[in-house]
Structure formats: C-alpha cells, structure tokens
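Kindly produce the complete structure, drawing on both the sequences and the hints.
In the numbering used here, the protein residues as written are 232 to 846.
I should point out that these hints are in silico values taken from the structure, not numbers from a laboratory.
Among the clues, some could well be false.
[What the hints assert, rightly or not] In the DMTMM-like style, the derived pairs of lysine to aspartate or glutamate whose C-alpha atoms are separated by at most 20 Å in a straight line are:
| hint | residue 1 | residue 2 |
| --- | --- | --- |
| 1 | K640 | D688 |
| 2 | K384 | E497 |
| 3 | K640 | D549 |
| 4 | K384 | D549 |
| 5 | K640 | D691 |
| 6 | K476 | D647 |
| 7 | K680 | D691 |
| 8 | K378 | E497 |
No experiment lies behind these values; they were computed from the predicted model shown.
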Amino acid sequence: MGTPVRLLNSAIRTVTSSSEWIAALPAVPRVAPVHASARCVRSASSRFRSCFDRSLRACGRRGPHGQELSMPVALPVLVVGAGPTGLALATELRRAGVACRVVDRAADRPAHQARALTVWPGALDVLDRHGIATDVVAAGLTLAATKFFSDGKLLATVRFGGGRPVPVCEPQPALERIQRARLAELGVEVEWGTELIGLRDTGDAVDVVLDGPSGQELVTAAWVAGCDGANSRVRDLAGIRFAGKTYPRSFILGDGDIVGDLPRDEVHYTLHGDGVLVVVPLPGGGLRVFADVTRMPGAEDVDPDAPLSTEQLQTLADQRAPYPLQVRDLIWSTRFQVHLRRAERYRAGRVLLAGDAAHIHSPAGGQGMNTGIQDGAGLGWRLALITRGVAAEDRLLAGYEAERAPVAKQVMRSSDQQTRLWGMRSVLVRRIRDRVLARMGRTGFLEQKVMPAMAQDDLDYSASPGVGSNGGRRALGVGVADVEVRPVGAVSPVSLRSLLTGPAHTLLLWADPADLAPVRAVLDAAAPLGDRLQVRVLVPSAAAPALTEGTAVAAAAVVVPDGHAPHGPLAGCRSVLVRPDGYVAGAAPGLDVTGLLAPLLPAPVPAPAAGPVGP
Numbered sequence: 232m233g234t235p236v237r238l239l240n241s242a243i244r245t246v247t248s249s250s251e252w253i254a255a256l257p258a259v260p261r262v263a264p265v266h267a268s269a270r271c272v273r274s275a276s277s278r279f280r281s282c283f284d285r286s287l288r289a290c291g292r293r294g295p296h297g298q299e300l301s302m303p304v305a306l307p308v309l310v311v312g313a314g315p316t317g318l319a320l321a322t323e324l325r326r327a328g329v330a331c332r333v334v335d336r337a338a339d340r341p342a343h344q345a346r347a348l349t350v351w352p353g354a355l356d357v358l359d360r361h362g363i364a365t366d367v368v369a370a371g372l373t374l375a376a377t378k379f380f381s382d383g384k385l386l387a388t389v390r391f392g393g394g395r396p397v398p399v400c401e402p403q404p405a406l407e408r409i410q411r412a413r414l415a416e417l418g419v420e421v422e423w424g425t426e427l428i429g430l431r432d433t434g435d436a437v438d439v440v441l442d443g444p445s446g447q448e449l450v451t452a453a454w455v456a457g458c459d460g461a462n463s464r465v466r467d468l469a470g471i472r473f474a475g476k477t478y479p480r481s482f483i484l485g486d487g488d489i490v491g492d493l494p495r496d497e498v499h500y501t502l503h504g505d506g507v508l509v510v511v512p513l514p515g516g517g518l519r520v521f522a523d524v525t526r527m528p529g530a531e532d533v534d535p536d537a538p539l540s541t542e543q544l545q546t547l548a549d550q551r552a553p554y555p556l557q558v559r560d561l562i563w564s565t566r567f568q569v570h571l572r573r574a575e576r577y578r579a580g581r582v583l584l585a586g587d588a589a590h591i592h593s594p595a596g597g598q599g600m601n602t603g604i605q606d607g608a609g610l611g612w613r614l615a616l617i618t619r620g621v622a623a624e625d626r627l628l629a630g631y632e633a634e635r636a637p638v639a640k641q642v643m644r645s646s647d648q649q650t651r652l653w654g655m656r657s658v659l660v661r662r663i664r665d666r667v668l669a670r671m672g673r674t675g676f677l678e679q680k681v682m683p684a685m686a687q688d689d690l691d692y693s694a695s696p697g698v699g700s701n702g703g704r705r706a707l708g709v710g711v712a713d714v715e716v717r718p719v720g721a722v723s724p725v726s727l728r729s730l731l732t733g734p735a736h737t738l739l740l741w742a743d744p745a746d747l748a749p750v751r752a753v754l755d756a757a758a759p760l761g762d763r764l765q766v767r768v769l770v771p772s773a774a775a776p777a778l779t780e781g782t783a784v785a786a787a788a789v790v791v792p793d794g795h796a797p798h799g800p801l802a803g804c805r806s807v808l809v810r811p812d813g814y815v816a817g818a819a820p821g822l823d824v825t826g827l828l829a830p831l832l833p834a835p836v837p838a839p840a841a842g843p844v845g846p
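Structure, rendered in structure tokens:
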C-alpha cells in the first residue's frame, strides 16, 4: 500500500536538524515497499536522498539526545545481519586483516527457533577455511543416508560418503554460536539490537544511520553488505526489487522429544497424498518434523498464526509416518508459508546483498543456509582484496554476482521442483512419480547426480569474468583436485586442499629436477606481493632432494606422489593460481607466471593531468 501522500510529504519536508531527520527515517521503508512499482521506488529514493543531503548539511552531527553523531570514514565494511551469511562474510574479512562491524536488529539470538538444520559439504569447505569445520562436525550429527517413502513403502535410499564429504545435521543457532566465537577471536563482536534505519550511497562511500542501545549513530562505510534476510532493510533502501511468488501452502516445523524408528544418521521423507512429512534427527536428541499442513484434517479451523500443538503433531504423524512416531513434547514449533523470490541484482553502487537478502526459496533440500554461507564467503574475500587495494572493484564484484546468482537460480529451481513433487494429489501422477524416484534410486542417479549438486562442493565458475581463459580453453573457475601431499620436513601427509585455506591467493607450481632456477625466479617475483600470495612448489618424491636440499625452495615445497600432475580441465598446466575460496583463477602451461600474478599487483596510480603553471 505505501504511505499516504499527506504523511509522506510531511516526512520529506526540509529537515533542519539531525533529530528531525532521524525521526523521519522510519517512514523510509514504507514509502516504497518491495512490491511497489519501479517508478515509485525511484521517486521515493530520490526524495529521501535529497532529504538526507539537507540533513547532513544542517544538523551539525548531533543526535536527538545531544550526543555527537560520529562519522568514521575509515570503516571499510559494515555487515548488516549476524546470521550464518553475515558471520561468514565478516570472518573472511577479518582473516584478511580488514576491519568491519557486524550489526543485527535482533536483541539477541534465540536458543532454538531456526529453520536451517543441514550443513552440506560446500558450506563445510568454507567453515574449514575459517578454522571451525571440526567444531561443527563434532557438535553435529554426520548423516549417512536419506530414505524416501510413499504411503508407507520405501522407494529409495540415498547413501552419503563413497569417497565424498558428507552433510552434517547442525541446527543454525548452534552453528552461529561457533561462528560468533571464531569471529570474536578475530576481534569482532556482534552489535545486537542495532538497526540500520537510513542509507545513502554517495558514490565514494555509504552514509548510514544506525539505531542502537545507545541511540542513533551516523556511520560512513566504504561498503555495506546486506545479509539481513528475506525482509532486508538494506535491499529495500537500496531500491533493489525482490520479485517472485508465494506458495499457496502452509508448512510447519517442530523440534521436540519425538521417538520413532529412525536411525540417528538418517533423514526420512514421506510423500503422502495430503502432503510431505520429513523427519530429521537432532544432535541433542529428539527429532525435527517438517510437514505440509495445507490439507491436514481440520486445517481450515486452525489459527494460521498459532503454533502446532503436541496433539496436532501426533495426529499428523499417525496419518503420514511409515512407522510409529510418539510425540512426547515439543520444544518449539512454527507455522509458515514458503516464498520463491530473487533480487533483480546483487549490487547497487556500494551496497551488496548476500544470502536470503538476495534469494529465498523452499526449504526442500536444506540449501538456503548453505548457499548464504558461500555467498558471504565469496563476497568477503573480494571485498578484502578491494579494500586492501589489490584488485579493481568492478571486475571483481561483477564476478561475485556472475558466479553466485546462477547457483542461487539453480537452487531455487531444484527446491521448486521438489516442492511441487511433494504436493502432487493425483493418484496416477503420484504413482508415476514414485516409480521414477524408485528407478533413480536403483540406478544410482540420486547418489551420482542429485546429491553432488546439493552438496555444492564442486561448483563451476568458468563463465565468470573474474577468472582467466587459460589460452581460450574452458578450464578455469573449477576447484583444485585433492591429493595427499607432505610438506618438506613434515612427517605426516596432509591434503593439498588443506594448504589452500588461507586468506591469500595460492600459486601452485609443478616442478621437475631441472626447474630449480625457474622456480627461484618465481619465488623472487612473488616476494613483493607479501601476504597477498603464498607459493607452493609441488615436487615428485624422487626429485625432492635435488629441488629442496639446501635451497630456498624448501620452505615452499610439498612432496607429491611420483607421476602426479594436474588433470581434467587443468591437464598440461604447470602453474595454477588458486583464489582464496579454493577455485582456480588462472593457469599457464609453463613456469612463466608474469601474466598470472598481474591481477594481484597494485593498480598503477594515474599521473595527474597537466594544469596551468602557478605564479
């Protein structure tokens, strides 16, 4: 609906004090809600920018309580939202030594009440780089299989593992506690109860007004990252549309003391004629139940805002579960609708979006939190390079959206397909669905194709403008294949990927005994880059003594099995530049790395234009 014109004009009148400006700010989100027309958004945005400009000139930087409104121009990044996405982004920044603040309008995080539960391998890779994957796995439940039932009969079993990483059951609140502890070690505490209520992009920075426990504060940041969820204030104030649809269905989630014939390492899906029922084990004991309750008996008589009762959940379980479930007690439950929406763009000037602020979808497959964590990490390392002056912003940030938007689009498509499969009512269509699902289970299609896509640990960023071309071959923007290696001087072997978890780029060199001089030249060329680049020289065990004993190469060398060489899309390459997220940024067939290292060199400062000579 928006704000009535009479009130709108009152709010946008010429402001002469900071207190008047701050008092007018709450009207901002109501001027052009997300469903308003583009013309309305542009008009409101323009008028409030004008209002903001006048207020900054007139207010003398004093708040309504007489306090000085600080304007620290040195803040590189303001992260709005302290969920898994914002925490991943902030951790990535701090690992690279970039200062940031993390604010969240919530007074505090609830102990329970989180919809996200599964951490897939792609997100675990990010958490491993942050040094907390071991803690997450230890606190959670490692899953071994997912089973699909229909009308009480087992259709398919999908087993995890088989040489690939496995997902972990870890409720979002527990994951966030681990993330916050790591971020605190890096020097940043979440500022709870602090809400962004105003935003203006000046071109060179972003002026924002924060409303926190101590009052209002005026902050200037080089970048603002909106990680503030589906109802993102950052997205709304930046004028970014959030188009999509709402499913005409009602869903419930419930955690509690629920007992059933469910192994502690399995997730069970039951495709019932009245809607899906999903049962998931919880790390602390008990079970989580997720269900479509649109057609639950008596649903039309239930208050849609009321939580589900123990008795109602028991009735639902009796109706749909393929085995007895006893609902003894509910810790919490919630009833909600599911939306499918995507931001029209991830960037508006110096404002960027990540996670649910950029895309939301059905919880089918448990992908939302995982996609958000990878969004946050992908944006974080880019902003770190930009802030440190290592890379130009336009190409690097274009790569962020070019890489992450297709991932979100695919997740949305997959979750939408699953949601529609869950809701089939026709007996004939359900029989066809069940036969297809059973066949996909028998042939291994689910394990070999579907689950790896859900894992999100082998993404393809080859179309991104942020990666090189490798002589025109489609070879880059892929992950580095893992192999067991042994750093020179170490006793125990480690995985190659474990050596790529730092905040810097990594240059991998595959060297032979005759390559001592070229390798030394590469190390000399890399030295001026300091902590922006680490070099790893991969040497076969037979050649290790000749290349490492008594040479400067030893500190960078790791021993690989004899005969090991890049393969697949990187076959024939001896120099590979790996980004901080573990994906290949560039590759070359020889040991001349001049072109590979060029993007990491500081951009030249243009000479000042000639002007008139002074007297």
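Given the hint that K476 pairs with D647, test it: the Cα-Cα distance must not exceed 20 Å.
-> 11 Å, holds
Does D549 lie within 20 Å of K640 when you go C-alpha to C-alpha?
-> Given pair K640, D549 is violated - Cα atoms ~36 Å apart, limit 20 Å.
Measure nothing beyond the straight line between the CA atoms of K378 and E497; if it is 20 Å or shorter, mark the hint as holding.
-> 7 Å, holds
Holds or violated: K640 with D691, Cα cutoff 20 Å?
-> The hint holds at about 14 Å.
Are K680 and D691 close enough, with their CA atoms no more than 20 Å apart?
-> 15 Å, holds
Between K384 and D549, is the straight-line Cα distance small enough, at 20 Å or below?
-> 15 Å, holds
Restraint status (C-alpha distance of K640 to D688 at most 20 Å) | 16 Å, holds
Proposed proximity, E497 with K384 (alpha carbon, max 20 Å) | Since the Cα atoms of K384 and E497 sit roughly 16 Å apart, the hinted pair holds (cutoff 20 Å).
The structure shown violates just one earlier hint, number 3.
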